Amino acid sequence: MELAGLEKRIQLAGILLIVGLLVEAVCLLWARPLAFILLVGLGGFLCVSGIVLYLYSLVSARDLSAER
Amino acid sequence: MQRGDMHFPTMLLISLIIVTALLISVFVARPALTATRGGKILAFVVLFLLPLLCMAMGLTSELERSKSTSFCLSCHIMESHGRSLYVDDPSFLAAAHFQNHRVPADQACYTCHTNYAMFGGFRAKMHGLKHVYVQYLGTPPAPEAIKLYDPYNNRECLHCHEGARSFEEGAVHTADPELLPAVKANKMSCLSSGCHQVVHNVGELGKVKFWRGAK
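Respectively, the protein sequence lines represent chains A and B. Counting in the working numbering, the first sequence tops out at residue 68, every number present. Counting in the working numbering, the second sequence tops out at residue 1215, every number present.
Just so you know, not all the hints are guaranteed correct.
What the hints assert, rightly or not - Only part of the chain A face toward chain B is listed, based on derived beta-carbon distances under 7 angstroms:
{"id": "1", "residue": "5"}
{"id": "2", "residue": "7"}
{"id": "3", "residue": "10"}
{"id": "4", "residue": "11"}
{"id": "5", "residue": "15"}
{"id": "6", "residue": "17"}
{"id": "7", "residue": "24"}
{"id": "8", "residue": "28"}
{"id": "9", "residue": "31"}
{"id": "10", "residue": "32"}
{"id": "11", "residue": "37"}
{"id": "12", "residue": "47"}
{"id": "13", "residue": "51"}
{"id": "14", "residue": "53"}
What the hints assert, rightly or not - If you anchor each label on the Cβ, the simulated ranges turn out as follows:
{"id": "15", "chain 1": "B", "residue 1": "1096", "chain 2": "A", "residue 2": "55", "range": "49 to 57 angstroms"}
{"id": "16", "chain 1": "B", "residue 1": "1197", "chain 2": "A", "residue 2": "34", "range": "28 to 36 angstroms"}
{"id": "17", "chain 1": "A", "residue 1": "4", "chain 2": "B", "residue 2": "1059", "range": "32 to 40 angstroms"}
These aren't lab readings, by the way, just hints derived from the structure by calculation. Since we're looking at a predicted model, the values are computed, not measured. Every residue, glycine too, gets a C-beta built ideally from N, C-alpha and C.
With the hints as extra help, turn the sequences into a complete structure.
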């Protein structure tokens, strides 16, 4: 069950990263100030969220191993 | 949609982003891959290192692109200022600098409107964010009502002109021996009345001729 939770976190982190990276790719095609704001605000937020969630999943997996 | 600078590094970066997204999608589809040691290492690269790299390169690329003339002029409110660069009159300071490539034509706005003190570039970026806020959420002023935040510092002119022969030994500049020291000390503005006071003057664009640009 715990492993399923870990895998779910990795999947969610991956989805956040994919969406964030796609936002970034679109913004790179579009040379406007609004694109810059979207890249930093939305794309950056999604990517950072995905990375943080992935790192949290690593830490929580380590805790799980320690308990066993 | 304005494509801006669709040059090779941008295409490489977009390719890297697409490859990274595809690799991440493998872990989204098969998260059980992380059960093995090799899978854990690959996941660290794909879910941490590569996205960080893409973000850093994307931000750097966008920051560099935000210096471009086309970026500044992409807002409607700047249309008049963009037209003023093509005025066929050498007394128009911005036009004379732009048309004769005294400033890089592709970074014309940024070259003059950046404070060359420490953190000047950063302050310029912060002002840019404020402009975006006003443009979309505030009440943008009329183009002819746009003013600088602070009086134009001679430092931004002297950054290029100081030491140049035409500046140091020009007849008008040397007519009064106290003029150049006052200019260099920022006690007398280069843009003073009677000197170089015609810059963009967007309110007068209806009365001037325009250069059609290089063919």
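List, from low to high, the hint numbers that the structure doesn't satisfy.
-> 1 and 14
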